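Taken in sequence, the protein lines are chains B and S.
Using our numbering, the letters of the first sequence map in sequence onto residues 8 to 471.
Using our numbering, the letters of the second sequence map in sequence onto residues 824 to 1065.
Treat each hint with caution, since some may be false.
As the list claims (entries may be wrong) - Reference listing, derived: stretches of chain B covered by chain S, where coverage requires no fewer than 3 residues with Cβ under 8 Å from a Cβ of chain S:
| # | stretch |
| --- | --- |
| 1 | 41 to 53 |
| 2 | 310 to 319 |
As the list claims (entries may be wrong) - Computed list of chain S residues with no C-beta within reach of chain B, every gap over 10 Å:
| # | residue |
| --- | --- |
| 3 | E832 |
| 4 | Q841 |
| 5 | Y950 |
| 6 | R951 |
| 7 | V1015 |
| 8 | D1045 |
Stated by the list, open to error - Among the chain B residues that face chain S by a calculated CB cut under 7 Å, a handful are:
| # | residue |
| --- | --- |
| 9 | R284 |
| 10 | A322 |
| 11 | V346 |
| 12 | R349 |
No lab work stands behind these hints: they were computed from the structure.
Quick caveat, the model's predicted, so the values are computed rather than measured.
Just so you know, even glycine gets a beta-carbon here, dropped at the ideal spot from N, CA and C.
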Amino acid sequence: MRWSLAAQLTAWYAATAFVLVAGTIVVQYRTLSRDLAGEDDQLLLETLSAARLNLPAPGAAPLGAAGTGPIVRTLDKSCRAVGVLSHRVLPPPDCSAPATGRPRFRSWRSPDGRNWRVVSQRISAAPPRTVEVLLDRWTDEEVLRGYRRQLAIVLPAALLLSVLLGSGIARRGLAPLRDLAARVRQIDARSLDRRLDVEGAPAEVQALVASFDDMLGRLHNAFAALSYFSADLAHEFRTPLHVLRQQAEVALGRARSVEEYREVLSSGLEELDRLRRMVDDTLFLARAEDPRASIERASLRLADELASVAEFMDALASDRAVTIAVDVPDALYVEADRVLLRRALVNLVTNAIRHTPAGGRVALEARPDDAAAVVRVRDTGVGISPEVLPRVFDRHFRGPPACTDRSEGAGLGLSIVRGVMTLHGGTAEVESEGGRGTCVTLRFPAAASGRGDPRTNLTNLTKL
Amino acid sequence: MKLLVVEDEPKAAAYLRQGLGEAGFVVDTAPDGEAGLSAARAQVYDLIICDVMLPYRDGFSLVGELRRSGRQTPVLLVTARDEIDARVRGLNLGADDYITKPFAFAELLARVRAILRRTPARAPDVYRVSDLVCNPRLRRVERGGRRVDLTPREFALLSFLLERAGEVVPRALIASHVWGMNFDSDTNVIDVQVRRLRTKIEPAGTLPLIHTIRGVGYVLEDRSTDQTADPDEGRGDRGAQR
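Generate the whole structure from the sequences, applying the supplied hints.
Structural data, given as structure tokens:
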């Protein structure tokens, strides 16, 4: 398991504080013990120079043996000395001090655990002797031991304190995050309009808060779109269902002629067909938004595709006295799904014809583009007013009532166009000038920007 | 022709049986996959129409098992639209065709006939319905002895209807076979195209041959001796009403 941020911060803080405290203490301890040793050596030297005025006889009882202070003894040539003095084991004699008369220091640890410091000096008088000053360092060590005993209490206390302080600091430092988490927790599907407060957040988390607020905004829009969509969908379904119900109920109200029944059933079939197509289109759109959906791409010659669509739609156009023109370079290819491409184009041309008055013109154009290709469907129709222009690709959006008739289906035509382009990884854009016509631009990306799982075959959905 | 319908929804099964029966087929039904499989093994059918979602044994398994036991009876799988891979899977297992619910009955009928027709009856040299004569090889059409000039697409549309004379042809099937538009759209192009063809092959005073089946599609047939006249006749088609 990962450590929590607070635990990590606490650990780091405590470790740092403890190392600092412990380091300081170690340095102090060593300074103290060095100072004590220096003082001892100084005392020994002073005692030595004082003792030379009044040396005890070689082999005689050492001087100062009673107290805790330095002990002076003189060693003769045979280097013998008293080994034990008032139950204290004295360091063994050592006559190896240099003949130059320089004092020689040494340390010795007695079998009973006492540390001795000894200074010895050769005295060149006749007969030559060695003077030794011995100091039992018990008292100094007692001081150091006391110091260490205190440390045994102080150091754990320092550790504990730094842990406590560290966790306090971490907790305090992370409080804005906890606060943020609490506020995020309160946001649910019904309060997506709520925002975290960027201004109130610390500088470090401001970027995070801002991104989160952005995400909330997107979610809010998506949610709103979804709920409008459900409402629209329910409404769209309700109309044909209502017609069907009324028809059947009224028809069954009394006995009727065969022709009347036939009329009711035929009309019902038409409504059912509308419903079926709405279900199909809605499913298609749902799939188009599924990022795992993929399509069957082939290299398509746009000249062929545009010509086929123009030929297919030509009867409808000339019925409305609208001409269809195709303008496409011969050797322009696009990696696309043929069924979907044609479906998008038919939808666009159908729309264009519907909104173009007699004598108008619908142009199908294709041009090479940086990435791959751009296909445009341009008309000289009534145009789309700027207020509704951003919404034309929305599901169930319909143009102004004047040009709405029931044959238009469920208003999913342009959504399907956008769905098709989404599946191709491309885009669909619309521009319009009121009264001067509309132009829809389909942008296909460079080839092979395929999406997802090739087993998912979306073209099946478009087949009956 | 004897068909087996494997469908667990009783209402759907009953209507399929009635519809196919009225189209001239002998129909047996089975309510689940196991019953369907044993029926398919016990008897010889010309075609099995099989739902994918079935109790006890699903349509895929039925097709697979049938093929393993060496039966080559053609199978038309029917499924709801959710099963995306179903088409590929079904065809891999040896199904002959695939149709998604909800389908137009005429569409089903067209598919059934297409499968049964696969052992091809050679296209006749000349189609003749009432006094309409069409020679596909010469691309020549005459009505009442008078030559009718058709554009290539109009000719393709007429041929398509003539090949299926007497059968109801759904709009989507026309769009797909004549124009290569394999999708269902809101556009009424097909109605406009059929109306244009009509004005050419049914000049004033001649017997109407192409009949609109509202909510479904078109049928080309001679109804002069038929008692049940098409009530739509004389009212124009969908496109004309709008």
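Do the hints match the structure? See the list:
1. 41 to 53: violated (count 0)
2. 310 to 319: Contact hint for the stretch 310 to 319 of chain B vs chain S: holds, 3 residues under 8 Å.
3. E832: Since the minimum Cβ distance to chain B is about 17 Å, E832/S lies beyond 10 Å and the statement holds.
4. Q841: Given a closest Cβ separation of 14 Å, the condition holds.
5. Y950: 23 Å, holds
6. R951: Check passes; 27 Å lies beyond 10 Å.
7. V1015: 4 Å, violated
8. D1045: Answer for D1045/S: holds, closest chain B Cβ roughly 20 Å.
9. R284: This hint holds: R284/B lies near chain S, its Cβ roughly 6 Å from the closest one there, short of 7 Å.
10. A322: This hint holds: A322/B lies near chain S, its Cβ roughly 4 Å from the closest one there, short of 7 Å.
11. V346: Nearest chain S Cβ about 5 Å off; hint holds.
12. R349: Holds - the Cβ of R349/B comes within 7 Å of chain S, reaching about 6 Å at its closest.
Hint compliance for this structure: hints 1, 7 are broken, all remaining hints hold.
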